[in-house]
Amino acid sequence: MAQAQRIAILGDEAIALAVKQANVDVIAAYPITPQTIIVERLSEYVANGELDAAFIQAESEHSALSICVGAGLAGARVYTSTCSQGLALMHEIVYATSSMRVPMVMTIVNRALNAPLNIHCEHGDVMAERDSGWVHLFAANVQEAYDLTFIAFKLAEHKDVMLPVSVNMDAFILSHSIEPLTPISDEDAARFLPPKDYELAIDFDNPITHGTMALPDTYMEFKMQLKEAVEGVKEIFPEVVEEYARISGRKYWYFDSYMADDADAVVIVMGSTYGTVKTAAKKLREEGLKVGVIGLTMFRPFPEEQLVEVLKNVKAVVVMDRAYGYGGLGGPLYTDVIGLLYRNGIRIPAKNIVYGLGGRDFKLDEAEAVLRMAAQGAREGGFDTHVQWWGVRA
Amino acid sequence: MSGQAPVFKTPKDLPREDWFTEGHRLCAGCGAGIIVRLAMKVIRGPTVVVNPTGCVEVSTTCYPYTAWKVPYVHVAFENGAAVASGIVEAINILHKKRGKKLHDVIVFAGDGGTFDIGLQALSGALERGHNLLYICYDNEAYMNTGIQRSGATPFGAATTTSPAGRVIPGKQQRKKDLIGIAAAHKIPYAATASISHPIDFVNKVRKALETEGPKVIHALSPCVPGWGYRPSETVRIARLAVETRYFPVYEVDHGRVKINIRVDKPKPLEEFLKTQRRFAHLLKPENAHVLEELKRNIEENWERLVKLEESGVTL
Chain B
0 MAQAQRIAIL GDEAIALAVK QANVDVIAAY PITPQTIIVE RLSEYVANGE
50 LDAAFIQAES EHSALSICVG AGLAGARVYT STCSQGLALM HEIVYATSSM
100 RVPMVMTIVN RALNAPLNIH CEHGDVMAER DSGWVHLFAA NVQEAYDLTF
150 IAFKLAEHKD VMLPVSVNMD AFILSHSIEP LTPISDEDAA RFLPPKDYEL
200 AIDFDNPITH GTMALPDTYM EFKMQLKEAV EGVKEIFPEV VEEYARISGR
250 KYWYFDSYMA DDADAVVIVM GSTYGTVKTA AKKLREEGLK VGVIGLTMFR
300 PFPEEQLVEV LKNVKAVVVM DRAYGYGGLG GPLYTDVIGL LYRNGIRIPA
350 KNIVYGLGGR DFKLDEAEAV LRMAAQGARE GGFDTHVQWW GVRA
Chain D
0 MSGQAPVFKT PKDLPREDWF TEGHRLCAGC GAGIIVRLAM KVIRGPTVVV
50 NPTGCVEVST TCYPYTAWKV PYVHVAFENG AAVASGIVEA INILHKKRGK
100 KLHDVIVFAG DGGTFDIGLQ ALSGALERGH NLLYICYDNE AYMNTGIQRS
150 GATPFGAATT TSPAGRVIPG KQQRKKDLIG IAAAHKIPYA ATASISHPID
200 FVNKVRKALE TEGPKVIHAL SPCVPGWGYR PSETVRIARL AVETRYFPVY
250 EVDHGRVKIN IRVDKPKPLE EFLKTQRRFA HLLKPENAHV LEELKRNIEE
300 NWERLVKLEE SGVTL
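So the protein lines, in turn, are chains B and D. Each residue of the first sequence is one higher than the last, beginning at 0 in numbering that gives the first Met the number 0. Each residue of the second sequence is one higher than the last, beginning at 0 in numbering that gives the first Met the number 0.
Among the hints, erroneous ones may be present.
Pulled from the structure, derived: some chain D residues nowhere near chain B, Cβ distances all over 12 angstroms [as the list claims (entries may be wrong)]:
| no. | residue |
| --- | --- |
| 1 | A27 |
| 2 | R229 |
| 3 | R295 |
| 4 | K306 |
Derived lysine-lysine pairs resembling DSS-like cross-links, with alpha carbons at most 25 angstroms apart [as the list claims (entries may be wrong)]:
| no. | chain 1 | residue 1 | chain 2 | residue 2 |
| --- | --- | --- | --- | --- |
| 5 | D | K100 | B | K158 |
| 6 | D | K175 | D | K68 |
| 7 | B | K233 | B | K281 |
| 8 | B | K281 | B | K311 |
| 9 | D | K273 | D | K174 |
| 10 | D | K273 | D | K283 |
| 11 | D | K99 | B | K158 |
| 12 | D | K185 | B | K158 |
Hints listed in this document are in silico derivations from the structure and should not be mistaken for laboratory results. All C-beta atoms in this analysis are idealised placements derived from N, C-alpha and C, irrespective of residue type, glycine included.
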């Protein structure tokens with residue numbers, strides 16, 4: 000581990016720095032707020048000779064991801080970033096990327112989907128890609144977004160994975176905030192991420208037909224392999240984060256938890272709100288309220304077994320979703336959690352808080368209120384409702 | 000071919016080796032199969048094929064079989080030019096950084112994937128200037144999905160979504176000018192080609208491969224079920240398309256138009272139309288006005304090309 004230096008950096012710029020240090024070969028992107036600073040910095044790195052890569056500004060996100068697929072199949076380390084409308088436009092190719100087993104990394108600067116038009120934070124964009132066969136990681140702060148970018152490349156290019164990975168960071172809250180960052184050294188980055196070695200790479204001497212048609216007699220086998228690859232990421236993740244911890248001193252896990260082990264009630268959340276709820280929990284613990292927080296880092300594959308180890312010991316859980324499943328049982332994280340509880344025989348009350356859509360602020364006192372609600376649910380053995388849209392005017 | 004001797008003078012000059020092989024499931028008499036086979040015969044070295052969704056894709060890559068002896072990539076319908084862009088730039092940068100072998104990149108796309116849903120991706124790739132050859136096999140409708148009209152379907156033709164009805168006699172819009180669109184991007188080379196003139200076609204493919212930058216070849220691809228004729232007639236119909244000026248064979252070399260197949264005494268358009276079911280209604284007396292308009296379109300286009308060639312104006 001080289002001497003670490005702490006700097007102050009904008010979230011988007013921290014991502015660009017990580018991508019540069021990852022020595023990517025091809026970057027293809029289309030500008031969309033609030034991702035633009037990432038690709039602006041990357042184009043500067045390339046223009047100034049600090050990064051030896053092809054920077055391609057496509058004419059749409061659909062083409063940007065298509066370029067990434069072509070470049071990835073050619074054997075390049077590829078990167079893109081988008082959000083919201085851009086990710087929705089990519090949707091068709093999102094599925095092709097995973098099923099064609101193209102390793103790549105995409106930063107999704109999570110932003111609300113139109114309509115109404117809104118450029119602020121929400122997780123609905125990535126949730127529309129939830130079932131696509133990508134690995135989805137969530138960052139709680141700028142340091143995590145930076146670190147997870149390296150971990151994402153390592154996972155994506157692992158021989159037993161060969162999948163695309165998204166690193167999700169909250170629009171503006173992280174992308175446009177200056178936060179402290181302790182980067183890893185270029186040498187450590189190069190050691191952690193040696194040049195991509197892709198056994199399916201395009202090569203005239205070893206011709207492969209990519210993207211075949213598969214009819215009903217073979218299609219399910221392709222998809223079964225995808226399922227096994229995605230679920231297999233849970234097995235490979237520990238070795239990758241362990242190796243990253245050796246160079247960075249920072250140990251990642253499927254989720255981070257705060258005072259969850261002996262808690263009566265736990266709040267589960269993803270993204271930057273984890274920090275807010277953690278801070279509130281610290282205060283309530285001082286009051287003697289036995290609450291804990293889980294900040295999920297790995298959303299797909301869903302770390303069921305690991306979450307069960309925590310949730311089997313608590314009396315109530317509140318799941319916070321910055322997205323919603325209209326017409327369904329609740330937000331996407333909530334439906335995962337209640338499914339987990341049911342099929343693991345954990346009979347505790349669970350409530351869904353839907354918050355912060357379109358970037359609506361979620362403040363410390365609100366986090367406190369949610370934690371108190373969780374504690375009350377544990378005390379009383381139930382909640383008043385299944386789903387509550389937080390702070391919405393009547 | 001300005002200033003250069005053609006590489007291939009007779010069919011005997013073509014390499015015997017095929018990179019696009021037998022056993023595919025294209026229809027008997029398919030024009031696209033002939034286009035792809037000819038083009039692949041004259042590749043000049045390591046080559047990657049990108050093939051957006053369409054007849055050629057579904058007929059040549061049905062797992063676990065493949066008709067391709069070269070690396071081949073299909074991703075989706077509208078993104079052939081984008082996928083190819085990524086492959087080109089990835090190979091270039093990997094060649095520079097790690098010595099990866101250079102490959103030519105050829106796209107084979109149908110007219111739907113080129114004139115319509117793929118036009119934006121094509122425009123983006125041409126504007127960015129990637130070194131790739133984009134070959135459109137144009138069968139003038141969505142044949143793979145059952146003969147629906149496309150932006151490449153000619154005025155008056157009947158398709159399953161522009162039928163020859165009692166009120167509306169076939170497609171009421173003109174065909175897009177693909178080469179005009181391509182040339183408007185100021186690319187170094189764009190050309191049309193017909194399988195009835197295979198030596199012209201293969202020399203254009205080789206010339207395009209030898210030219211740095213984005214290149215577009217628009218090849219007419221007669222379609223047995225879509226146009227409605229017997230499989231043995233494909234090449235004869237392609238020739239009639241040229242000889243009636245229905246499909247002019249020309250190139251735009253660095254903006255300069257050159258008509259490669261001069262048709263000084265065109266055959267009557269009816270000679271071409273009467274070979275195909277899709278035009279049968281145009282030969283009925285009640286549709287004489289439609290036929291006249293189609294003829295006018297064709298003559299206007301020919302005269303435009305002649306003027307461009309004679310004037311030497313750069314497109």
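For each hint, the structure was consulted:
| no. | hint | result |
| --- | --- | --- |
| 1 | A27 | holds, 20 angstroms |
| 2 | R229 | holds, 28 angstroms |
| 3 | R295 | holds, 35 angstroms |
| 4 | K306 | holds, 32 angstroms |
| 5 | D:K100 x B:K158 | holds, 23 angstroms |
| 6 | D:K175 x D:K68 | violated, 33 angstroms |
| 7 | B:K233 x B:K281 | violated, 30 angstroms |
| 8 | B:K281 x B:K311 | holds, 22 angstroms |
| 9 | D:K273 x D:K174 | holds, 20 angstroms |
| 10 | D:K273 x D:K283 | holds, 11 angstroms |
| 11 | D:K99 x B:K158 | holds, 20 angstroms |
| 12 | D:K185 x B:K158 | violated, 43 angstroms |
The structure fails to meet hints 6, 7, 12 from the earlier list, while all remaining hints are met.
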